[in-house]
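Residue numbers (the numbering used here), protein chains in the order written: chain S, 1 to 114; chain Z, 1 to 115.
The hints are simulated quantities; they were obtained by calculation from the structure and are not laboratory data.
Hints may be right or wrong, so weigh each one.
What the hints assert, rightly or not - Cross-link-like lysine-lysine pairs, in silico, DSS-like; alpha carbons within 27 angstroms at most:
#: 1; chain 1: Z; residue 1: K41; chain 2: S; residue 2: K78
#: 2; chain 1: Z; residue 1: K64; chain 2: Z; residue 2: K14
#: 3; chain 1: Z; residue 1: K66; chain 2: Z; residue 2: K20
#: 4; chain 1: Z; residue 1: K14; chain 2: S; residue 2: K101
Here the structure is a predicted model, which is why all the values come from computation and not from measurement.
So the chains spell out like this:
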Amino acid sequence: AQTVTQSQPEMSVQEAETVTLSCTYDTSESDYYLFWYKQPPSRQMILVIRQEAYKQQNATENRFSVNFQKAAKSFSLKISDSQLGDAAMYFCAYRSFGNEKLTFGTGTRLTIIP
Amino acid sequence: GAVVSQHPSWVICKSGTSVKIECRSLDFQATTMFWYRQFPKQSLMLMATSNEGSKATYEQGVEKDKFLINHASLTLSTLTVTSAHPEDSSFYICSARSGFADTQYFGPGTRLTVL
């Protein structure tokens with residue numbers, strides 16, 4: 001079974017600085033998707049970024065980018081120019097190509113320091 | 001695009017009663033919907049997967065007779081918590097996926113409190 005590990009329960013960063021959230025996963029499959037979801041205090045899950053495993057290029061969405069290392073099974077999220085609105089729980093998630101289910105990590109709570 | 005709504009956002013009920021939670025995809029057809037449960041400060045736990053017109057597939061350990069799921073149309077799925085007890089108090093979140101998309105879009109969640 002696939003597992004997703006987020007080893008940082010909490011992180012904090014100064015406003016306007018850069019922070020990296022780590023995620024590792026375990027799978028024997030070659031085709032899969034990886035996601036980062038954000039859950040702010042409202043608890044609405046918001047898709048931040050996604051990565052297809054077959055793509056070597058790291059996904060980027062404005063201030064959010066990933067460092068996808070397939071061989072190392074690592075999928076970290078970098079947030080540049082951190083803003084107060086980035087404060088939230090961040091969940092890393094895995095989905096295999098032939099399966100609809102998402103497997104979530106335990107989450108990292110990100111605090112932005114003004 | 002890709003908006004999912006849930007209703008109600010918050011519900012309090014007495015022990016022994018049943019509660020129905022609705023999940024709607026507002027701007028796309030959801031061939032598959034998912035129901036999750038989230039305890040405070042924990043991750044999301046998948047309860048069941050439902051495809052339109054089919055019976056839901058429940059995860060191991062989830063009581064199908066207690067958590068009734070209906071996915072009668074491409075835009076609506078319902079979760080009914082039957083004979084609710086205080087231990088069923090939790091945050092319930094639905095998500096939806098269209099047939100050709102590989103991303104789930106989440107509803108805002110429903111907080112259930114059973115007294």
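Handout entry: Index of numbered hints that the structure contradicts, given in increasing order
Key = 4
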